[in-house]
Amino acid sequence: MSASSQPLPTLRAVSDERPTPELCFSVWEQALRERAEPKWVYPLRKAGLARFAELGYPTPQHEDWRFTNVEGIASRPFRPALTPAGATLTPEELDQLVFARLGGDRLVFVDGHFSPALSRFGPKPGGVEVTSLGAALKNRGATLQASLARQSRMATNAFTALNDAFFSDGACIVVPPKAVVPEPLQLVFVASAGGEKGRSAHVRNLILVGAHAQVTVLETYESLGDTAMLTNTVTELEAGEGAVVEHLRFQDESEDAFHLGALYATIGRSADVVTHSFALGAQLSRQSLHTVLDGEGLEATLNGLYLTTGNRLADHHMVVEHAQPRCASHEYFNGILAGKSRGVFHGRILVRPNAQKTDAKQTNKNILLSPAATVNTKPQLEIYADDVKCTHGATIGQLNPESVFYLRARGIPLETARRMLIHAFAGEIIDRVRCTPIRQELDQLVWDRLEADEHVHVGARD
Amino acid sequence: MQPILEIKNLQAGVEGRHILKGISLTIQPGEIHAVMGPNGSGKSTLAAVLAGREGYDIVSGEVRYLGQDLLELDPEERARAGLFLAFQYPVEIPGVNSTYFLKAALNEIRKHRGLPEMDAIEFLGFVKDKIKLLELNEDLLKRPVNVGFSGGEKKRNEIFQMAVLEPRLAVLDETDSGLDIDALRVVSNGVNKLRSPQNAALVITHYQRLLNYIVPDFVHVLMDGRIVRSGGKELALELEERGYDWIAREQRLAA
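Just so you know, the protein sequences line up as chains A and B, in that order. Counting in the working numbering, the first sequence runs from 1 upward without gaps. Counting in the working numbering, the second sequence runs from 463 upward without gaps.
Treat the hints as calculated values from the structure; they're not laboratory data. All the given hints hold, so there is nothing to weed out.
Computed footprint of chain A on chain B; a stretch qualifies when at least three of its residues, placed anywhere within it, have a C-beta under 8 Å from a C-beta of chain A:
{"#": "1", "stretch": "510-517"}
{"#": "2", "stretch": "536-542"}
{"#": "3", "stretch": "554-561"}
Just the calculated beta-carbon pair ranges, DEER-fashion:
{"#": "4", "chain 1": "A", "residue 1": "K357", "chain 2": "B", "residue 2": "L586", "range": "41 to 47 Å"}
{"#": "5", "chain 1": "A", "residue 1": "K378", "chain 2": "B", "residue 2": "G610", "range": "27 to 33 Å"}
{"#": "6", "chain 1": "B", "residue 1": "R479", "chain 2": "A", "residue 2": "R101", "range": "54 to 60 Å"}
Beta carbons: idealized from backbone N, C-alpha and C, even for Gly.
Just chain B, same shape as in the assembly:
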C-alpha cells in the first residue's frame, strides 16, 4: 500500500535558525499519528513546512505525499491534492464571506478531483450536516471568515472546513490550544467522524488531553527538532505523567 506521507530526514529552518534537525516519519492510510513536544521543539515548523508556508528553508531531506514530491508544490496545489492544515491561529479575513470562501475552496478541490463544481444551493445543502456536526450556527456562513468568532468557534470552524473539504491527510496544529472541555469534545468528535481507512491525520499537540478524544495509532515525541521517541498511544499517557523532562534526561544520558 502506498503511504500517504513519507518524511525522510527532513531538516528545515526559518530566518537562519535551524529548527528541524532530521525528521523521518511515515503515515499509512487509516492511521492517526500524534506529534507531541514541548514549546520550541519544532512542532509548528513541521506543520508549516508540510502546508507550504512561505519563509521556511528546506535544508535537506524529502517529503513524499501520495508518491509525489510535496515540497515542490505550492500551498494551493497541496490543498487540492488533499492536504489540509487546521491552523493553530485561524486568520480573520474581513470582507471575505465565509460561504464564498469555502465554496471557492471546495470547487478548486472538486475541479482537481474531476468533479463538477457546486453552485450556491448545492453547496448549502452539502454543508448543512457538517455545520451541525461541529455544533456551529449556520449564521456563521454569512459572516466574513473568522471575523468576530470566539476562539472556540475559530477552531471548530477549522474542523468544519476540514469536514467540507474531505482531505486525505489532515494536519491539526495545536487544535486543542485554547479550547474548553466542551469545545474539545466537539472538535474531537468532528475529527473522529472523518476517520476512514483511506484517510490519515497528523495531530500536533503539546498536551495529552486531546488524545483522550482523538486516539492515535502512533505517538512521536519531538524535541529540539528530532523525533526522540515513538510508540503507541500509551506513550502519551506516560508523557502526561512524567513530563517532557524525563525524556530530555534520558536523551542527555544516552548522549
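Chain A with its partners taken away, still in its complex shape:
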C-alpha cells in the first residue's frame, strides 16, 4: 500500500551475496541491544566499522603487509561468532589444553565468548578484579572508558578496526596500585571445531595495572580439532609507574586457522614490562605489537619465538615507540622454520624528539631447517632524537657448522648435536620467561614439538 512494501534485506539474503563486515554490522547491532553495554561503547564500534571501511583488507601493496598476504581471509565470507557456539568443550577437553595444570585464576572463552562454567575465578584481595570484559562493561563501564580502545582506535590496522567494531568479549583485569597478584592469570581462548566458512572470533582484553603493582597474564589460543576459524584478538595493556608486568601470548591453533593478534601497550615511568609471543600454530598468524614507552626510565622487553612447519606463515610486526627519555627496549625474536614455511619480522623503532638517552636493541635470528623455508626480516629505525643508542641485527641461516663440529668432536652424535643446538636456540627465548611454571611447561612443549619435527632428525647432512 505504501513504499514500505519493499522487503527488508534478511540475513539469508545477506549471506547469499557473501557477508561482509558492513553487512554483518546491522545484525550485530541487534545482538548488542541485548547486552546493555554502556552508551559510549557503541560509537567506538561504529568508528571501528568506519575505519575498516576506509582501510579495507590490507594487500601486499601495503608496505606493512608486503610479505603477509591475507587474501585467504579477505576472500572468505565474514561470519563473526555473534553468539556463543552451541557446542562447547568438556572439562576433560579443557584439561587436555596446555598449561591446564597451572594454578590461579583461569578465564575460558570459546569462539570469543566467555564460558563461566569452564572458568575458575573468585574475589581477590587488594581490589584486584579479574572478570570478562562484558561483565566489567556492564557493572562499572564508566571506569573503563578512558582505557578501552585508547590506542586501538588510533591504529591503522584493519583487523584492529574490525575488532573495535565486533569484539564479542575477552578478559578485563584491573590491578590497583601496589597490589601484587602472586599467581599467573590465565586467559584461555579456544576455537571450536568445524563451523561455517569464514567464522571468526573477535576477542578484546583489557589489562590495567596500577602504579607499583605486579601481575603476570598468560593468553593461550588453541583450537579444538581442525578449524579454519579466524581469531582476531586485541589486548590493550596499561602499565602504571613502577609496575612490573609479564605478559605472554601463546598461539597454537590448528593448521587451517588464521590468527591475527595485536597488543597495544602503554607503559609508564620506571615500569618493567616484558611481553612474550610464542607462535606455533595457525596457517597464517600475525602478531602486531605496538608498545608506547610513555614514562621516563622504564624498561620493556619484547621476546618471541616462532616455530613453523608445512606451509605456515608466522609474522611479527613490531612498533616500539620511545616517547620519553632514558627508556630501554629490548626485542629478541627467534624463528625456527621447517618445510615450506615462512617467517616475517618487521621491527620498527620510533624515537620521538625528546626521547634522549634511548637504548633500543633489536635482534631477529632465524634457523632454516629446510631449503624451502624462507624468512623476510626488516628493521626500520626512525630516530628524531640525537643522543640515542639503537642497534639491530638479523640473521638467517642453518645451524652453525662450527658448533655442530665442536659437539661431535666431544663424542656427541650428529643428531643429538643438532637437537641440542636447536633447543638452545629456542631456549634463549624461553629462558626469558620469568614465571617458572609457565617457563617449564613451555620448555617441555617446545622441546616435544621440535622432537616431533622430522627436520630436526633427517636431512642432517644437508
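Go by the hints and put chain B onto chain A.
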C-alpha cells in the same frame, strides 16, 4: 706394542688447495710428539683431518688409530674411541649449558667403553678436582659453553674437558696461542697431570715456549705440508734459536 697413531704418507687439502703433501708419523703409547712449523705449513690442517672436520679432502695415504682406519670414522666416533682435539679457537655455544654438554659427551664415551652413565650428582663429584686442576671457577659449569669466557678460560676449558673425557690421544692445536705465562703454566700442568704410559699427545705449536712446560719425546718440523726434520726435544730449542728459515734454507740446498 700397538701404536696409538700411525700416519702413512697422508696427503690432504681443502677447497682445492693441496696442503698436506705426504706426512708419516707414528706415535706409541706414553709418548708426546710436538709438531712445529711456521704459519701456513699445514699444522692446523693436520689437526682438522685427525679430528674429522668436514670439508677436507684426503688425497692419499692412511691414518690408523689403535689399529683401525681413523679416516673412516665420523668425528663423534673418533671422540668415543678416545681421540680428543683441543681446539685452537673453542666455539661459543649460547644456550647449551656446560654441565649438560660435558655430561652428555662423557656419557657417550662411557657408553662406548661399556661403563654405566653418570647422573648429574656423580658427574659433579667427578669433575670437581679436575676443575681445580685447571684453576677454573666452578660457576663455569653453569654457564653456556665458552660464552663470556676469556681467551685464557676457553683454553683452560679445553684442557678441563680433556681431563674429564680422559682420551687415549690428545691433539692440542695451538693451545698456547693467546695465553699469558700463568695460563700457559696452568694448561701445561693439566696436560702433564694427564700423562700416562697408556696415553699419548700430539702437541701442535708455532712456538717453542709451550715445550718448556710440556716436554716432548719427539719434535717434528712441518714445512709446506711435509715433515722436514724430526728429532728430540733439543730440536725445539734449536728452532727457537735459529728460526724456521734455517731449515728452509737447508731444504732448498738439499733440493
